[in-house]
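Q: Below are the chains, spelled out letter by letter.
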Amino acid sequence: DAGVTQSPTHLIKTRGQQVTLRCSPKSGHDTVSWYQQALGQGPQFIFQYYEEEERQRGNFPDRFSGHQFPNYSSELNVNALLLGDSALYLCASSQLRDRGALAEAFFGQGTRLTVV
Amino acid sequence: DAKTTQPPSMDCAEGRAANLPCNHSTISGNEYVYWYRQIHSQGPQYIIHGLKNNETNEMASLIITEDRKSSTLILPHATLRDTAVYYCIVGPGGKLIFGQGTELSVKP
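These protein sequence lines map, in sequence, to chains L and V.
Residue numbering for the first sequence follows the numbering used here, starting at 1 and increasing by one per position.
Residue numbering for the second sequence follows the numbering used here, starting at 1 and increasing by one per position.
Any given hint could turn out to be false.
Cross-link-like lysine-lysine pairs, in silico, BS3-like; alpha carbons within 30 Å at most [claimed, not checked]:
#1 V:K69 / V:K52
#2 L:K26 / L:K13
#3 V:K52 / L:K26
#4 V:K107 / L:K26
#5 V:K3 / V:K69
#6 V:K3 / V:K52
If you anchor each label on the Cβ, the simulated ranges turn out as follows [said to hold, decoys possible]:
#7 L:Q109 / V:I74: 22 to 32 Å
#8 V:P92 / L:E52: 35 to 45 Å
#9 V:L51 / L:F69: 28 to 38 Å
#10 L:A38 / V:A17: 28 to 38 Å
#11 V:D11 / L:H10: 31 to 41 Å
#12 V:T65 / L:I12: 46 to 56 Å
#13 L:L11 / V:N53: 41 to 51 Å
#14 V:T56 / L:V116: 28 to 38 Å
#15 V:I74 / L:A38: 24 to 34 Å
#16 L:Q109 / V:P92: 39 to 49 Å
#17 L:E53 / V:M59: 41 to 51 Å
#18 L:I12 / V:T72: 18 to 28 Å
#19 V:T65 / L:N77: 39 to 49 Å
#20 V:T65 / L:N79: 44 to 54 Å
Cβ-to-Cβ under 7 Å is the rule here; a few derived chain V residues that face chain L [unchecked claim]:
#21 Y46
#22 G50
#23 K95
These are computed hints drawn from the structure, not numbers from a lab.
Computed from a predicted model, the values in this text were never measured in an experiment.
In this text, a Cβ means the ideal position worked out from N, Cα and C, and glycines have one as well.
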C-alpha cells in the first residue's frame, strides 16, 4: 500500500500564475482533505471532498478550489498566486464512517510551493 | 470546534515515558480527541484517538479524564525518533483544526 501520494514534491511559481497540486488517497479511503502549512505554523484546513463534492471549507478565498475524481483522487487549484501562498500543501485521506465521524486521517508528504 | 491548549515544549529522557498534556475544556459530547505528530519536514502522522474511554495502540496510550476536559498522551518508552511536534486536536472527525502543538525533544 503506497499510502497517500502527492505530486509534485516541490514547485516554484511566479506571482499571478495558477498552480495545480495532485493527491492520490490511501487505498480504501474515500475522503480527501487539503491543508496549508506555513513555515513554523500548524496545518490550516482548506477544504474536504467526499463523493466528488466539497463537504467542508476552511477560511480560504475562492482562489483556492478543488476537485475529486471518481477514483477518489483529488486536485487543489490555486489561482492568481500571491507571495503569501508559499507553503507546504498537505493532502490527507480518510474513510467516512457512521454518523459522519471520520476515522484517522493519513497525510502525504506534501508539496512545497514557493511563489516568487 | 473546541479549542485545545498544550505546553509549547517539553523534554524527555530517552527510554522514559513521555506524558503530553492537553486541555480541551469546551469539548462537546460528539467531539473526539485526536493526537497527531509531525516530524520535521514530513506530513503529520496519526497516533491515536478516543471519545470517552482510554485507548492504547502500538504507538501510545491516550488517557481522557472522566469529564473529558483534558487528556494525556503517553509514549511509554520514548526514543530519539519520537522527537517531533505533537498536536492534540478536538473535533467531530471532519476537518482537523491544528494548534501550535507541543515540541517534544527526546534527549539521550
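Q: Output the indices of the hints that this structure fails to meet, ascending.
A: 4, 8, 14, 16, 17, 18 and 22
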